[in-house]
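Here the protein sequences come in this chain order: G and R.
Be aware that the first sequence starts at 1, since it is given in the UniProt record's numbering, and climbs by one per residue.
Be aware that the second sequence starts at 1, since it is given in the UniProt record's numbering, and climbs by one per residue.
The hints are simulated quantities; they were obtained by calculation from the structure and are not laboratory data.
Incorrect hints may have been included.
Same chains, same names: a pair is fine if it fits in one copy or spans any two.
Stated by the list, open to error - Calculated lysine-lysine pairs in the DSSO-like style (CA-CA distance at most 30 Å, straight line): (1) Lys251 <-> Lys192; (2) Lys192 <-> Lys223; (3) Lys228 <-> Lys192; (4) Lys69 <-> Lys223; (5) Lys139 <-> Lys223; (6) Lys238 <-> Lys150; (7) Lys228 <-> Lys256; (8) Lys223 <-> Lys177; (9) Lys192 <-> Lys69.
Values in this document were obtained by computation on a predicted structure and should not be read as measured data.
Number of protein chains: 2
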Amino acid sequence: MMSFAYLNLNLPLKTALATSKASPTNFNYAIVLLFVEHLRDFGDVFVFPIDKNNGGPYGDFVSLHPTLKTADERTSAVGYVVERLGEEQIPGIRDELYPVTSSFGAPIFFSLERAAAPYFGIKAYGVHMNGYVEVDGQKHMWVGKRSDTKQTYPGMLDHLVAGGLPHGIDCQENLIKECEEEAGIPRSISVKAIPVGAISYMDIDGYRYKRDVEFCYDLKLPKSFLPKNEDGEVDSFKLIPVTQVAEVIRKTEFFKPNCSLVIIDFLFRHGYITPEYLGYLDLLRNLRIGDCS
Amino acid sequence: MMSFAYLNLNLPLKTALATSKASPTNFNYAIVLLFVEHLRDFGDVFVFPIDKNNGGPYGDFVSLHPTLKTADERTSAVGYVVERLGEEQIPGIRDELYPVTSSFGAPIFFSLERAAAPYFGIKAYGVHMNGYVEVDGQKHMWVGKRSDTKQTYPGMLDHLVAGGLPHGIDCQENLIKECEEEAGIPRSISVKAIPVGAISYMDIDGYRYKRDVEFCYDLKLPKSFLPKNEDGEVDSFKLIPVTQVAEVIRKTEFFKPNCSLVIIDFLFRHGYITPEYLGYLDLLRNLRIGDCS
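Whenever a hint applies, use it, and build me the whole structure from the sequences.
This is the structure we're talking about:
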């Protein structure tokens, strides 16, 4: 049974407590318990802690049923649950499968509908690209405004290109695909995007426990380039001096939060934040505190 | 007495144990205790744990004597101890004072001879600069070879420019000064160096417990530039393709270890290490695990 422990779904009963210093009456803890209640109808798919407060055979976690022996069996069984829960419980289902692993590149336990990942506390990976232009020695960043009808973060400011990393495609190929779809950047230009590191964050929002790792890229674009959204998810693009982008992040919450992290990383790497600023190391440390695994 | 707790010298009795999972018979632990013995002659400067194993009034740490009330008094008293211990116990004394703080930019408790900092487990800050040139679109890095007569790391490979951050000078000014002294780079060029972040590491070596934070810089140099060492501490300089520098770090221990960390950070930021490499996030995470405070 030891190996099965690795298949814990990590539904964050314990983590919600740990991260929010919550008691069982805490809001986050309570709503996680509420989501678990939705899963109790599927006793052939999940194993539950025997006692909500004291854990079960696999600790405080909801686990996959041991009869589900192969990745395909698990994918199919959990897929059935997600389908049954439907839009009401898991809005934004996209029929896009994410691999479930213990860390990036590790063996895949099963695959899961992208929109469902945060409901199960599953880590998700993505790519974010800073697209910039140099005009008279000053860097300007292309910023997108998300469509007002987009399900998530409608109307907020966004990167020129960003997207989740689906099953079976590597980071660079995924970035090239997203460059084409989201900004009309041809492969001849997007292959020049430079991988520059990664950031990670977690966010508990309603039933969703997001644990995301974003691979960061920089692409210096030709001055003549004009982005053109081809999937209808972006309202407009604007080229903004990086110093102004920094001010927007400092003073407002207009940017989609994970974009702010990736852009702050850009500001560090390109010398817009300098050691002479009070709190330089504090900000850098907090930027890197996430679990990049 | 609460405020005095902040003046603990952090002599790493406890930390040596924690980091090396040592027992009191462990080598590191034993030598730290040996260094403490050298301080026992100075009972008007230090307060010691009452019992070596069970801690004293200020926990397991050696503390400064509470009668030393001002920064100047502490600087003078500890300076006297360092002078008395001399080259035999603390080799490489340079008459260069380092500020002792709880974190970068925090109020200064006192100042301490640079060479003595690691003997007291005091954090030290420095600057490291990647000096590079682009030839036909390929980046090449200037690498120095340390003089064979240098006290520390003789003959090892080094950055074009690096140096400790003394009391009373900010990072950029210090870098400009080091650029001039170590590589003959005029201010007109060195002001263009870009701060790109920081790395940190710790190292227990004999009596020394190094806790260093290095502010990292990139400087793109003109192709025509030839470095010229002006302080006699560098044997020679060589311009090496970055891909070859990466191979040297991967396969040898020729580089001074902290340079390897700063260069690995460079390799990440400039896309020489890509997410497609197995272990990408592991290496990135380990690079950032140090205490940048």
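Comparing the hints with the structure gives:
For the homomeric pair lysine 251 and lysine 192, the shortest alpha-carbon distance between copies (28 Å) is at most 30 Å, but the shortest distance inside one copy (32 Å) is not. Taking the shortest alpha-carbon separations for lysine 192 and lysine 223, both the intra-copy value of 15 Å and the inter-copy value of 23 Å come in at or below 30 Å. For the identical chains of this complex, lysine 228 and lysine 192 are intra-copy neighbours only, at 18 Å inside a copy versus 35 Å across copies, given an alpha-carbon limit of 30 Å. With identical chains, the CA atoms of lysine 69 and lysine 223 are never at most 30 Å apart, being 54 Å at best within one copy and 60 Å at best between copies.
In this homomeric assembly, lysine 139 and lysine 223 come within 30 Å of each other (Cα to Cα) both inside a single copy, at 11 Å, and across copies, at 23 Å. For the homomeric pair lysine 238 and lysine 150, the shortest alpha-carbon distance inside one copy (19 Å) is at most 30 Å, but the shortest distance between copies (54 Å) is not. In this assembly of identical chains, lysine 228 and lysine 256 lie within 30 Å of each other by CA distance solely inside one copy; the values are 20 Å within and 48 Å between copies. Taking CA atoms no more than 30 Å apart as the test, lysine 223 paired with lysine 177 passes inside one copy only; the shortest distance there is 22 Å, against 36 Å between copies.
Taking identical chains as interchangeable, the C-alpha atoms of lysine 192 and lysine 69 are never at most 30 Å apart, the minima being 42 Å within one chain and 59 Å between chains.
Figure legend: structure checked against the earlier numbered hints; hints not met, in rising order: 4, 9.
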